[in-house]
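Asks: So you can see what is in the structure, the chains are spelled out below.
Protein chains: 2
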Amino acid sequence: MIELRRHNASFCGPCFVHYTEQQVRKAIDEFEMFTPEERILVAVSGGKDSLGLWDLLLGLGYQVDGLYLGLGIGEYSDASGTYARAFAASRGARLVEVDLPADYGYDIPTGAVAARRAPCSACGLSKRHLFNRAALDGGYDVVATGHNLDDEAAVLFGNVLRWNTDYLGRQLPVLPAEAGFVRKVKPLVRLDEREMAAYCVIRGIDYIVEECPMADGNRHLGYKEALNLVEAGSPGSKHAFYFEFLARASSRFRAPGGHEVPLRECSRCGSPTTGEVCAFCALVDRASASEPVALGATRRPRR
Amino acid sequence: MIELRRHNASFCGPCFVHYTEQQVRKAIDEFEMFTPEERILVAVSGGKDSLGLWDLLLGLGYQVDGLYLGLGIGEYSDASGTYARAFAASRGARLVEVDLPADYGYDIPTGAVAARRAPCSACGLSKRHLFNRAALDGGYDVVATGHNLDDEAAVLFGNVLRWNTDYLGRQLPVLPAEAGFVRKVKPLVRLDEREMAAYCVIRGIDYIVEECPMADGNRHLGYKEALNLVEAGSPGSKHAFYFEFLARASSRFRAPGGHEVPLRECSRCGSPTTGEVCAFCALVDRASASEPVALGATRRPRR
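Note that the protein sequences, when read in sequence, are chains G and A. Take the first sequence: its position 231, counting from 1, is numbered 231 in the working numbering, and each next residue is one higher. Take the second sequence: its position 157, counting from 1, is numbered 157 in the working numbering, and each next residue is one higher.
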């Protein structure tokens, strides 16, 4: 039996799988994420959320391929790629692969140091660019990511703690397509981490359990801890925090009329950017010109 | 030495007192709380915040009397009254006293049960009404309360967790006077709990250390815990959370044009209210008609 305190409910395995599917269906419908006619590319890390999402969308009958991005983060990346490939093979599903070191000449540890960014920042920038590029190249309508309720609540908490009004205005489960960008969606926003882990176990999906070694000390882990404390005292808090935000606050932070700075094409890769060269091409320039950095060197201190 | 991580600073006793005064001065000036010509009534509980505030305002040369409200919460109320009176006597300051059981015929444990409110709700309602009443009766310009940065950040967190947009629009360090309500101010918003405790120790102020026994399990204590976790990882987070809210978000939640429902006079006490009888008079009616309740009976379960 899987007990869900925030829903005051307990489920056996098959009922839990049904519950999980219903939550994803509800998110897709409520936020009009995509239709069965559209082609979806799921960004796959080899973890419980992205593999679970891929499995759920396949099960619901959507046209969905996977995209695995090799980040060059030592053994972590090797293992995560193995899980992604094994899942694709087991489902007879198509996995698109992009490899940062082979295709772009750098890895995340080196890129972070070269660009003087925190590792999670260099990684996020690379992922956003390459997910979008792969979707455009492959003719996909939408990129789906495995961000769950805990992820979104933690990001929201971080944005609220500093009242990053720009980010608050853009934190939505669907980002519509605009010039040069495909639509991005988060179909797992109604499910939390524990639920996704349980789903994978029940469905027999092998996934990488380790957190990324570079995320140690990442602020969002601290935000998750703090929110878990609140959730333990008052089940359902995280759900209310995120969904009441969407319902009653989000629009108050939206910029009237989209991009304030007009976008133009990156002179290198053609992506939309506010400058001459986009942030990704600038990162590639710096990273590929610099000496490789060992993984441990950029690992953030545990706090 | 008192070390303040969020300011990256350490102070000896006299320098710390100076720092504390500067923070209060800054809050008073920045939010235009009151002038030296105005008469201030400080709501005094006998705790570190309210006694420290009274001491600080006296030291800064303001015209300030204290108001002690006897809540009838067993030994806790007896002890807190004793600390308030001892402080007033030591400073030769004037303490106005109102006693719920003697003057209004009920105590908080009984009032909460009779009105079917959580104890903190019945207590807050009683305090707001009687602080305002005492200020009007005594000809004071403003009521000052000892809410510190931890208090305000926790209340803000609670409002944000549920996106209580009405409350978010009204959570300000100054509430201006309006028909029937005197101005309310919170001069300690730039100082946290630990700082107020240190201030009282250095200044030799005896205060009641125990928390109110009825606040056990109060949600705000959980919110404080969660925020302390964030603050430990990133000193200054609480300050940024509260002050960036004021600077960049608060106005987005303000109702355009004040009260939506027109106010009229309570038929019983004349206070502004939206109904026929104000919430305080309704509480008094129910509470004074009901059997006294023992303190333990309404204590909330520890979570």
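In case anyone wonders, no lab produced these hints; they're calculated from the structure. A quick note: this is a predicted structure, and the numbers were derived from the prediction, not measured. The beta-carbon is built from N, C-alpha and C at its ideal position, and this holds for glycine as well. Accuracy of the hints is not assured; some may be wrong.
Listed below are several chain A residues computed to face chain G (Cβ distance under 7 Å; list not exhaustive) [said to hold, decoys possible]: (1) Thr-35; (2) Arg-39; (3) Val-160; (4) Gly-169; (5) Val-230; (6) Ser-237; (7) Phe-243; (8) Arg-252.
Asks: Now tell me, hint by hint, if it's right for this structure.
Replies: Results for each hint:
no.: 1; hint: Thr-35; result: violated (30 Å)
no.: 2; hint: Arg-39; result: violated (35 Å)
no.: 3; hint: Val-160; result: holds (6 Å)
no.: 4; hint: Gly-169; result: violated (10 Å)
no.: 5; hint: Val-230; result: holds (5 Å)
no.: 6; hint: Ser-237; result: holds (6 Å)
no.: 7; hint: Phe-243; result: violated (9 Å)
no.: 8; hint: Arg-252; result: holds (4 Å)
In this structure, the hints that do not hold are numbers 1, 2, 4 and 7, in rising order.
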